Amino acid sequence: MVTADRGEQLNEFEVEVECLMEALYLRWGYDFREYSRASLRRRVARYMSDNHFQRLCDLQHDLIRNKKRCVHFVRGLTVNVTDMFRDPKFYRVIREQVVPELRSHPFIKIWHAGCSTGEEAYSMSILLHEEGLGERAVIYATDINSQVLEQASKGVYHEKMLLAARENYGATGGSNRLDDFISVGYERFLIDPELKKNIVFTQHDLVTDQVFGEMQMVICRNVLIYFRRELQTKVLTLFHNSLDMGGFLGLGMKESLRSLPNSIRYKAIDESARVFQRVD
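Residue numbers (the working numbering): 22 to 301.
In case anyone wonders, no lab produced these hints; they're calculated from the structure.
Note that the coordinates shown come from a computational prediction; the quantities given were computed from them, not determined experimentally.
Heads up, a few of these hints could be off.
[To be verified] Using 25 Å as the maximum straight-line C-alpha spacing, the simulated BS3-like pairs for lysine-lysine come out as follows:
| no. | residue 1 | residue 2 |
| --- | --- | --- |
| 1 | 255 | 288 |
| 2 | 288 | 130 |
| 3 | 275 | 288 |
| 4 | 130 | 255 |
| 5 | 130 | 218 |
| 6 | 181 | 110 |
| 7 | 175 | 217 |
| 8 | 175 | 218 |
| 9 | 130 | 110 |
| 10 | 110 | 275 |
| 11 | 130 | 175 |
| 12 | 89 | 175 |
| 13 | 217 | 130 |
| 14 | 110 | 217 |
[Stated by the list, open to error] Label-pair distances were calculated between CB atoms; the ranges are:
| no. | residue 1 | residue 2 | range |
| --- | --- | --- | --- |
| 15 | 79 | 156 | 46 to 56 Å |
| 16 | 55 | 224 | 33 to 43 Å |
| 17 | 291 | 90 | 41 to 51 Å |
| 18 | 48 | 171 | 19 to 29 Å |
| 19 | 92 | 55 | 16 to 26 Å |
| 20 | 31 | 90 | 17 to 27 Å |
| 21 | 127 | 102 | 29 to 39 Å |
| 22 | 211 | 79 | 39 to 49 Å |
Heads up, the beta-carbon is just placed ideally off N, CA and C, and yes, glycines get one too.
Starting from the given sequences, assemble the full structure and let the hints guide the process.
Following this line, the structure appears as structure tokens:
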């Protein structure tokens, strides 16, 4: 009998998803075995529906034999929806409470893990430029998904996102207009090339890859919620080991350090905004 973490018996689809995750790891090295099971099941079911697979065994057969299909599947499994200046309070806290401490560093390194299509990395670049730190800061924007990284590096977004982006920016306490940092046309808006100069987009797998340098800030928003507790602890340890003493950690609004062993290593700069500082 196959059981889940809490001992309940799994149904056939749930067992097949478990087998699929094991097969992906063995065949291609993609490790989703510690991702949230509920999230995996939803995303696998949606992928099957969108791509007209009636049976999970047929999808698994295709994924094992077709690397191109596997890359497409992984993209569907890992893409997280995001926006420019998502959760404005987070950026306001960065601006008002973190930036003053960053000013003391001659060179600022920020790791934006799980950057997806890049909107939040560009948001941070805008904030740093506004605060006069753009010239001495570099943002390492990473994701497991090479296709979204390619999209992110272009810095081109649909115009329908612009209204929310302007509203979000206004709520962060910015001293300019968002339109000062973008150009709009042909139902798209483009990030100013100047903002791209301090962003390095590169592939990194939080599950299997190693520490990512000595950072003054690590941002990983709305990624940990898709991980099981054991993997959350492992990834947070990776972030801790990637941060300088006194470095800052930014999480998503639905994520928390509470109840995790890593919590004692940080103090809350603003708990409600999910901004923390390493203290050990």
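We went through each hint and held it up to the structure:
1. 255 <-> 288: holds (19 Å)
2. 288 <-> 130: Holds. Residue 288 to residue 130 sits at ~20 Å (cutoff 25 Å).
3. 275 <-> 288: holds (18 Å)
4. 130 <-> 255: Judged against 25 Å, a Cα distance of about 22 Å means the pair holds.
5. 130 <-> 218: Holds. Residue 130 to residue 218 sits at ~14 Å (cutoff 25 Å).
6. 181 <-> 110: Holds: residue 181 and residue 110 sit about 22 Å apart, inside 25 Å.
7. 175 <-> 217: Roughly 9 Å separates the two Cα atoms, so the pair holds.
8. 175 <-> 218: Since the Cα atoms of residue 175 and residue 218 sit roughly 12 Å apart, the hinted pair holds (cutoff 25 Å).
9. 130 <-> 110: holds (22 Å)
10. 110 <-> 275: Distance ~14 Å between residue 110 and residue 275 Cα, so the pair holds.
11. 130 <-> 175: holds (22 Å)
12. 89 <-> 175: Given that 25 Å is the threshold and the Cα spacing comes to 22 Å, the pair holds.
13. 217 <-> 130: Satisfied, since the Cα-Cα distance of roughly 15 Å is no more than 25 Å.
14. 110 <-> 217: holds (24 Å)
15. 79 <-> 156: 46 to 56 Å: holds (53 Å)
16. 55 <-> 224: 33 to 43 Å: violated (19 Å)
17. 291 <-> 90: 41 to 51 Å: For residue 90 against residue 291, whose Cβ atoms are near 43 Å apart, the range 41 to 51 Å holds.
18. 48 <-> 171: 19 to 29 Å: holds (23 Å)
19. 92 <-> 55: 16 to 26 Å: Holds: the Cβ-Cβ distance is about 21 Å, inside 16 to 26 Å.
20. 31 <-> 90: 17 to 27 Å: holds (25 Å)
21. 127 <-> 102: 29 to 39 Å: holds (36 Å)
22. 211 <-> 79: 39 to 49 Å: Check passed, 41 Å falls within 39 to 49 Å.
The structure fails hint 16 only (numbered hints given earlier).
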